[in-house]
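Peer 1: Chains as they are written, first to last, in this note's numbering: chain A, 12 to 349; chain B, 12 to 349.
Any given hint could be a false lead.
Which copy is meant is left open, so a pair is good if it fits within one copy or across any two.
[What the hints assert, rightly or not] SDA-like cross-link-like pairs, simulated, lysine to any residue; straight-line CA separation at most 25 Å: (1) Lys81 <-> Gly299; (2) Lys66 <-> Thr304; (3) Lys81 <-> Gly216; (4) Lys136 <-> Thr166; (5) Lys81 <-> Arg326; (6) Lys136 <-> Arg349; (7) Lys136 <-> Ile13.
The set of hints was computed from the structure by calculation and includes no laboratory data.
2 protein chains.
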Amino acid sequence: MIIDVHGHYTTTPREHQDFRDALLARLADPSAPVPFPASISDDQIRESIEHNQLKILRERGADFMLFSPKASGMEHHVPDRDVAVHWARTCNDLVHRVTELFPDSFAPVAQLPQTPDGSLGRVVKEIRRVVTELGFVGVNLNPDPSGTWSGVPMTDPYWFPVYEALEELEVPAMVHVSTACNLNFHTLGAHYLNADTSVFVQLLGSDLFERFPGLRFVIPHGGGAVPYHWGRFRGLAMRYGWQDPAKLLDNVFFDTAVYHQPGIDLLTRVIPAENILFASEMLGAVRGADPETGLEWDDTLSYVEASGLSGPDLRQVYEANARRVYPRLDQRLTAMGR
Amino acid sequence: MIIDVHGHYTTTPREHQDFRDALLARLADPSAPVPFPASISDDQIRESIEHNQLKILRERGADFMLFSPKASGMEHHVPDRDVAVHWARTCNDLVHRVTELFPDSFAPVAQLPQTPDGSLGRVVKEIRRVVTELGFVGVNLNPDPSGTWSGVPMTDPYWFPVYEALEELEVPAMVHVSTACNLNFHTLGAHYLNADTSVFVQLLGSDLFERFPGLRFVIPHGGGAVPYHWGRFRGLAMRYGWQDPAKLLDNVFFDTAVYHQPGIDLLTRVIPAENILFASEMLGAVRGADPETGLEWDDTLSYVEASGLSGPDLRQVYEANARRVYPRLDQRLTAMGR
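Input sequences plus hints: build the corresponding full structure.
Peer 2: So this is what it looks like as structure tokens:
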């Protein structure tokens, strides 16, 4: 089977964004009405999924998708901690409903109620809620909740309560920023890729995984600039006495959200197959097809198929790695007899 | 001939850094002595070059190098504008001496007296000085003088006085940041690559080169994440109505400072040969050799040789592109009968 570990609910019914707007309106003006999550019917959800992610998943020949709230909509830069909890819970509950309506095709991955400041107690609480009560199999952890990189690196003890919970619950984190709050960084074009690269280098110079050997990070978008500059990182590691980049591969994995054949060919050439997880980021940054090839930009299955990986390697990338990195996904699929 | 467009004077005599330290000491304590540039002899300069950049250049079989001050040492984040001018002039004068002592091997590229704030009048003045009086053929332009990305994108009219001068003088700019002032970004591991990627996306959504058709940017470090994510940028351009990335290639060029074979193979596969300029960044981010291959990390000539580029393409990458993009380099070489 083919598992896509990186899908977003970017097609929510309009009422969901209306709730977000009302949350922000009340932040701006406390005399505004207290907002409540929109009433969204099962039919609305079905329609938003069947004509979009599910349709495309089936057309392309994939079987299953890890599904999380829209990443740019997490907006962790909004400093109000109550709003962060309301918004994350509502997004997660909605994603959970998708996965209950389509259990054969989706498993849920959570948005966390991060804010630029404050302790991570509420974040840990939401992790425990979604994993133990709602069956979530992963989380998206934002290394830059401020949107301006005003916080601390992911190797700072600030983050340890989250890592303790993730390790205990056997839940990996996809390292995924949200909207950039700096005009120099286009959110989808630069900020996402910069974050992927920056976090990898933070990890390279740290002993984080000696402290948390069970912690696993998935770096999306093919690892930002990492595979393209693998030699640079190996050389820097030697110069600075950091661990070799290969050592990180016990705990760090890359997805295949890279939208052309040469990029996927580089990824599969540089990174061992056991560290690559199939993903499309669909519906994500790019929409439509390349006029030169007719291939849809995010039809990463076509690129991976053509990458020249062997059959056993492809099976790892498509299924085995995802089941190993996301143990709760494996349990879920096993319980379904798959 | 083989021209390396990206070399740094990272091996300056110690007295040069002493002057920098004295400049900063006086900023911290105005009662400290007024610093003057160190007295550095020609022999000291010769020694610092002959055993380093020049030796390596010759050993590897390259012929000529564009030589600029150490990039991480530009430190444009220091806000004092007088100090910025003193430091940039001193660095440029020293690089100029290198190129006068070794005119057959080096041509100078300038550090600019940027600061996080203030008009660019002094920057333009230094560009005019080094180009018209000292024969500089290019400049390094820092898209993030603050080191914290607190300034404006390179498409903002703030930068236009610099672009007008560069266009008028026929001098290209290498887009090169200096030290990062944010713990999330390792300077050589993340900040450099992030800047390369971010600036490319800024340009993609702008009409900057319609306004300045003669302006040319060289994006170092193989373009950051750009070639690896070329499909993503093509898809984003289509989604947002930006120009196609290929359109930027009239004005934007990439160097080959990518330190492993798969990275160079990707670069040469994705980016047309007429937009690739040979470079090593030597002595730069990485030092020493890959224990697996025995090749020195920044021996990019070996990677480019093995990339499978045709003879005519290699001649473009090694020489013709550099002479076209840097017209004053071409004049200089032509005057030497080369």
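Peer 1: Against this structure, judge whether each hint is valid.
Peer 2: Cross-check of the supplied hints:
1. In the homo-oligomer, the alpha carbons of Lys81 and Gly299 lie at most 25 Å apart inside one protomer (18 Å), although the nearest pairing across protomers, at 44 Å, exceeds that limit.
2. Taking identical chains as interchangeable, the C-alpha atoms of Lys66 and Thr304 lie at most 25 Å apart only when both belong to the same chain, with a minimum of 21 Å there against 47 Å between chains.
3. When the C-alpha separation of Lys81 and Gly216 is checked against a cutoff of 25 Å, the pair qualifies only between copies, where the shortest distance is 23 Å, while the shortest distance within a copy is 31 Å.
4. Taking the shortest alpha-carbon separations for Lys136 and Thr166, only the intra-copy value of 21 Å comes in at or below 25 Å, while the best inter-copy value is 43 Å.
5. For a Cα distance limit of 25 Å, the shortest separation of Lys81 from Arg326 qualifies neither inside one copy, at 28 Å, nor across copies, at 47 Å.
6. Within a single copy, Lys136 and Arg349 get their C-alpha atoms no closer than 31 Å, and across copies no closer than 70 Å, so neither meets the 25 Å cut-off.
7. For the homomeric pair Lys136 and Ile13, neither the shortest alpha-carbon distance inside one copy (32 Å) nor that between copies (60 Å) is at most 25 Å.
When the structure is compared with the earlier hints, violations turn up for hints 5, 6, 7 and for no others.
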